[in-house]
Amino acid sequence: MAETHVSAVLLPRARAARTHFPWGGAAAAFLPLIVIVLVAVLAPLIAPHDPEKTVADTRLAPSGEFWFGTDSVGMDVFSRVVFGARIAVRFGITVAVCATAIGILVGTFIGLSERSRGIQSALGGALNRVSDYIVAIPDIILAIVVVGIMGASDLSLLIAIVLTLVQAPIKLTRMEVLRVRNEAYLEAAELGGESRARAAFVHVIPNSIGPAMRNMPLIFGNCVIILASLGFIGVGVNAPTPEWGYMISSGLSDLMLGEWWETVFPAVFVFLSVLGIAYSSRAIPRVWPRIAAAFSTPSKKRKNLA
Amino acid sequence: MSWYQRNKWWMVRVMRLPVDVFVFATLAFFLIRLLPGDPVSVALATINQPKTPELEHNLRIQMGLDGSVWDQLLRFWGNLLHGSLGTSLDTHLPVTREVLDRLPATIEIIMLGLGGAFVVTMVLGFLYIRFANEGLRRFIRLTTGFATSVPVFVVAIFGILVFYVILGWLPAPLGRVASGQSLPLVTGFPLLDEVLTGNFADLGQTLLRYVLPVGAMILTYTPNLLTQFVGGLDRELAQTATRFQVAAGASRQWIYFSVMRRSVSSVVVIFGLFFGSLIGGAVTIESLFGFGGLGQLGIRAVSTADFPTLQGFMIIIVVFCLVMFVAVDLVNMWLDPRRRPGVSSEES
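Protein chains in written order, with the working numbering: chain A, 1 to 306; chain B, 1 to 348.
Certain hints may be false.
Said to hold, decoys possible - Residues on chain B that point at chain A, a partial pick, calculated with CB under 10 Å:
| # | residue |
| --- | --- |
| 1 | Gly37 |
| 2 | Ser41 |
| 3 | Ile166 |
| 4 | Leu167 |
| 5 | Phe325 |
By construction, these hints were calculated from the structure, which means they are not laboratory data. Using N, Cα and C, we set each Cβ at its ideal position, and we do this for glycine too.
Between the sequences and the hints, there should be enough to build the whole structure, so can you do that?
The following block contains the structure:
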């Protein structure tokens, strides 16, 4: 965001051209994410049957009524797959928000404490080292251990996944803070007698959250992957829950007998959603400067008028 | 330069390993104890016995969770120095043995998958610089576009569907050998053991059963390595060093070798970064193909709430990762002396 301000100042004539909101680019970048979230939100409307109840005979092949067939206990695979998106999105958004928020706070603390002395510096350094070591733990292994110790529940899954995915926003924010903390406005705030905590929240965090925010779709995607992998090996999700990984593994024995629909449809959905989110998480940072420019220029004008 | 000065770069790196292991084990100790929830009550919930205070107390002692945290830490460090990480509550075997018995088979799968991906990356990278064919280059760039982290088990399931269910070319994904047979055990690496004991019929079977899992790993990991490699090749081809070699009339082979050597270090870095997700991927692959191994141990420990096994499981796997990181660093420093500590170059 700082870059766009600079360029807007340096190129006053280009400003008019920049203010157009890049509709096409933004729509293409956000489309996969929006589709997945829509499927999740509208799951009760899309799904024709209850995802956790037996609605027909077992192992029916895909047909007009049961688009994706039924599974080994007679639940509708299509409804389960659609509701699976709901679970993936619920976890994905919760984890992305939690990990980014915690990561920004911890990363800012680490970044700011690297210049200070005494106990804060020691604490910041220690946190930084701890984060380095946690990165070394394979994500699935860490999740297995956390779930094993806390017992299988949504909370333990959440803690397990946040713990592995929070490290990236910590590192990204720390790098940004190290850059931002030498800016003149921080010095001005310090000379103006603002407390350091206030300076951190008012000046440092708003100017250093960019990379961590743009990392959110990536966290979302990784969360979907980890959740599906854990469900697949049977850790963390309990029996009738329509979770994609768990559906894939529970349909495996039928896949061997040629009844492919129980396994293949959830696998296709995992595949498509992961590819879609990965595409979004690469496309959004590319269009982001233009979106930010479109938003920031009018607001600047308003400020100038006031 | 003395011998010490010439070899300082790798000795310093290797010597840091034990410190890292110690610090990490201590960190894991605290991390596990800081988690909300009590492993004793989770374990009690899995036991079909009336819950008496004695039972709980005994369980706490077995888990090493009695006394204050500092008592536990001292005991933990003492055991660590003797190379012990406690005893499994489930099988009453030492945790180190439980994990180390299964680690070689997992390493074998990882090495085959990763090694295969590396070879494919090198071949495609060589084709990329050898032939200026635009179609080929576009194909290779398209491949790198798939550099995402589609879970490897999903790729493997499509493989099973096509090659086992539909075509019937490959055997069922149910273990390393046909059911009823058992593997010879010498080193713990299944392929190596079969060669060592001269079981070539089994070796063929195992190789056939490795086609799908290893193929899925190669398909999943090649694009990620290739992205780095092609990026490095593009960068290094344009460098003055390359132009100088061309101008100086170096042979084509030498220029290819030089460009690839300079670009490969970014691939090696990705190796290190990927290692964690590889172990995770290997766990799901083992579970899918019925290979037993580390994943099975982890899942069993979760279902029986086997606290010492979980703790030891994590520590040993991370120690293995740390060893791999050292190897990656050393290979990188060997390939590219500019990365050695204390070496200055015009770029740094």
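_Of all the hints numbered above, which does this structure not satisfy? Sort the numbers upward._
4
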